[in-house]
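Could you put together the complete structure from these sequences and hints?
Chains as they are written, first to last, in the UniProt record's numbering: chain A, 1 to 139; chain B, 1 to 331; chain C, 1 to 385.
Wrong hints could be hidden among the right ones.
Here are the simulated BS3-like pairs of lysine-lysine, each with C-alpha atoms no more than 30 angstroms apart in a straight line [what the hints assert, rightly or not]: (1) 76(C) with 45(C); (2) 315(B) with 138(A); (3) 308(B) with 138(A); (4) 100(C) with 174(C).
Stretch-level coverage of chain A by chain B, calculated; a stretch enters the list once three of its residues show a Cβ under 8 angstroms from a Cβ in chain B [to be verified]: (5) 7 to 21; (6) 118 to 130.
These are computed hints drawn from the structure, not numbers from a lab.
Treat the numbers as computed from the prediction; the structure is a model and nothing was measured.
Just so it is clear, CB atoms sit at the ideal spot from N, CA and C, and this is done for glycine as well.
Below are the chains, spelled out letter by letter.
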Amino acid sequence: MSGPRYHRTREQDQRLVAFECQSCGYVSFPDEKQTCKRCGDAPATFEEVQLAERGEIKTFVVQEYLPDDIEVPQPLAIVDLPQADGSGESARVYGLLTETELDELSVGTEVEARFRELFDDGERPINSFKFSVPREVKR
Amino acid sequence: MVVIDGAGGYVPLYRIDRSDVADQHGGRGRGESAVPARDENHVTMASEAVSTALGRSTTAAEDVAAVFTASISDQFAEHGIAAQLAYRAGTSTDVRTGDFQASGRAAADALATAREYVRATDEPAVVAAVDVMPVESGGDDESTMGTGAGALVLRPDSDTPVATLESVGQATTGFLERHREHGESATAGDARFERRHGVAPAASTAFDRADAGGELEYGVASAPGFRLARTALEPIDAERVSTFNQVGYAGTATLLLDLCHAIESADPGATIGAVAYGQGGADAFVVSVDDAADDLDGLTVAEQLEAKEYVSYAKHLEYRERYDYEGVPNA
Amino acid sequence: MTDAHVVGSGIIDFGEKYEWAFDDLLEGAYLDLVESVDHGIEPTKDIDAIWYGTLDIANEGSSGASVAHATGLFEKPATQIVNACATGSDAFRNAVQAVKAGDVEVALVIGAEKMLDSTEGLIGGAALERLWRGRGVTMPAFFGMRATRHMDQYETTREQIAEVSVKNHENGTKYPHAHQQFECSVDDVKESATVSYPLNLYDCCPVTDGACAVLVTNDERSREFTDAPVRVAGYGFSTDSFMRGDDLALTNFPASRQASSMAYERSGYGPDDIDVAEVHDCFSITELITYEDLGFCEQGEGGTFIDDGVPHLDGEKPVNPSGGLLSKGHPIGATGVAQIAEIFEQLRGEAGDVQVPDAEVGLQHNIGIGRNATGAVSCVNILER
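Below is the structure:
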């Protein structure tokens with residue numbers, strides 16, 4: 001992982017650390033801020049929380065046309081990632097899916113976070129999370 | 001004593017049927033080899049194995065004192081794997097790291113070093129090995145070069161170890177035959193010469209020094225070919241546990257992946273002799289399986305061998321090598 | 001405070017205008033406006049300020065100076081507005097606010113986009129090398145996700161979604177400036193190539209060059225230009241994001257609800273008072289959920305609403321008589337301005353083959369996505385004759 005852009009969010013990108021607003025309970029991910037996107041509290045107090053590596057698909061598409069460096073079909077979802085300890089709210093994120101096909105997907109499908117190469121930044125891999133249906137489903 | 005507090009193997013989803021390689025270039029093809037997905041690399045695959053191993057252990061990531069990794073196919077001359085794995089796993093910043101490379105023995109070097117580190121410091125250590133073996137279209141070893149990762153968590157002791165690392169023996173003979181330049185497939189040299197003068201003496205000396213005797217039930221061998229590996233196990237009369245026909249030779253990962261596979265599949269109390277042969281010599285380990293190996297979280301290696309999808313010949317080439325390395329474009 | 005009135009409009013035929021440079025598009029719309037103002041206009045004397053909408057997709061180095069170069073209107077304030085796909089509407093809204101404030105008497109609003117000079121187009125944005133935001137997210141994906149969820153949650157059918165495109169293509173054949181002049185059936189839509197499941201090619205608006213201009217002025221000067229000015233009764237603009245956690249943002253656009261509430265409140269009109277609407281239909285599903293967001297029907301009933309023929313040209317509440325973006329095209333900076341121009345014509349009874357009888361109150365709605373597809377912007381303007 002390299003470059004200032006990826007360095008400053010590496011806890012979120014590699015460890016799924018998120019930030020919970022102490023005013024309204026909103027879970028901010030990956031943005032680590034002092035203002036709350038939901039309640040607008042400013043300055044807001046946030047506490048670090050750990051997200052789980054399993055989440056649920058809220059909605060999805062399967063894309064057929066993308067720039068050349070992204071393999072198609074490319075499913076894309078909005079995923080809710082709950083907190084690892086089961087408390088509070090989930091974070092809602094964009095999830096690129098890997099090793100997953102249209103017929104394995106519906107609203108509500110459980111997916112697991114997979115540490116993958118998102119792109120190569122010219123030469124070097126930038127690793128973070130994609131999602132897939134659990135591997136055991138493939139057996 | 002040093003125990004294996006957690007073990008995890010990672011085999012990617014994709015496989016190339018070796019007969020599909022044979023169809024392209026002639027010859028016969030039995031079995032299959034593992035192929036990484038386009039979005040997998042050394043760090044992501046090793047990370048999968050480390051997550052499984054740590055998840056099965058009693059060791060918290062922040063208590064890990066050392067992360068030692070091995071790879072002989074990482075495309076980067078400078079970038080490192082160990083520190084990236086350590087960060088991803090969530091270790092403390094005072095963790096000791098080490099990247100082992102340049103010989104098929106590298107995973108054994110990392111494991112033996114981790115064992116010494118644990119004995120010296122009484123702190124837990126993680127060992128991981130990962131490789132995506134390069135292939136050339138039409139090359140002799142194209143169908144049997146594989147990919148995967150394996151990881152172990154070592155501790156001085158544990159209430160619920162999955163296995164115990166009983167002893168280690170090494171034989172640094174200085175023998176060299178097979179060699180490989182960055183980004184190219186290997187020059188295997190004379191296989192018979194290597195078996196007789198490279199593998200056999202190194203493996204038997206290493207097993208002798210590990211005080212393995214003849215009582216081991218299972219044998220695990222890492223060597224860049226099926227027959228080389230079989231030769232490496234000749235000193236012990238043990239049932240061979242191998243992913244060679246499902247994964248192929250996964251470089252340094254083979255030792256830890258197959259050892260994990262053996263630990264997962266053997267009954268508690270069983271003994272395993274594991275040997276890794278590579279440039280310069282061989283190392284042997286004696287491992288006994290403990291009760292906690294009976295009930296492990298996460299997918300076993302056997303389950304991952306079963307959860308697979310086949311890719312075309314073209315994808316097998318494309319997925320394995322995507323980077324230009326040192327200015328040499330990929331095939 | 002004075003009201004603001006639309007007193008003129010100008011447009012060029014939308015389409016693949018390879019022979020027209022970006023400046024030609026602007027000039028074409030501007031000249032059409034100058035030539036069509038009922039009582040005539042002396043542009044350099046009459047126009048006090050310009051609001052100019054473009055995303056500058058063609059990379060023309062746009063600024064207020066560009067519109068001056070294209071029109072000859074130098075020595076005046078010229079403000080470029082960039083606000084995603086709602087750029088044109090927001091340029092209009094800003095002009096209206098300045099006129100209402102009394103600071104500007106006559107404002108030119110002009111929007112243009114040269115979509116076809118860049119072969120990469122909008123899809124290139126999906127190669128973004130950023131984590132968690134726009135990587136791999138194309139426009140059809142962003143809107144398609146609403147379709148997947150809407151179908152799941154409200155049993156909206158694929159056919160109902162396709163029907164939006166069928167309706168708008170039919171309207172487009174009757175609208176002279178529309179890019180795509182052909183009709184299609186529900187089966188055509190369902191059988192066209194998958195772009196981003198669940199959306200197919202005919203669920204998507206085409207890639208189109210275009211430009212449009214309108215003239216806005218105050219109470220005092222409006223009759224100077226026309227006997228039939230169209231009053232701007234209300235406007236609203238808002239932003240929202242699905243990342244804020246509201247499930248409604250998975251199917252709909254809360255920003256559109258907020259913007260339309262503002263416009264309804266300012267105008268004193270409600271959804272039932274709207275006689276004709278030009279709404280953002282970059283994709284078929286976008287229009288279907290917009291029925292709900294604008295309060296034309298209940299939440300989740302967008303599918304039934306179109307099944308019942310309500311938004312058809314001969315229905316109770318015609319939506320997108322011009323063919324919408326699906327047929328007319330979506331030259332981004334021009335889109336919102338062209339919607340205003342169509343409502344202007346509708347309320348003056350000049351809409352030709354797509355005229356909605358006795359239209360007195362019209363609504364214009366324009367939505368955009370921004371911040372690498374993590375946020376939505378929405379603009380709503382209400383006009384009356």
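Hints, verified against the model:
| no. | hint | in the structure |
| --- | --- | --- |
| 1 | 76(C) with 45(C) | holds (10 angstroms) |
| 2 | 315(B) with 138(A) | holds (19 angstroms) |
| 3 | 308(B) with 138(A) | holds (7 angstroms) |
| 4 | 100(C) with 174(C) | violated (35 angstroms) |
| 5 | 7 to 21 | holds (count 3) |
| 6 | 118 to 130 | holds (count 7) |
Hint compliance for this structure: hint 4 alone is broken.
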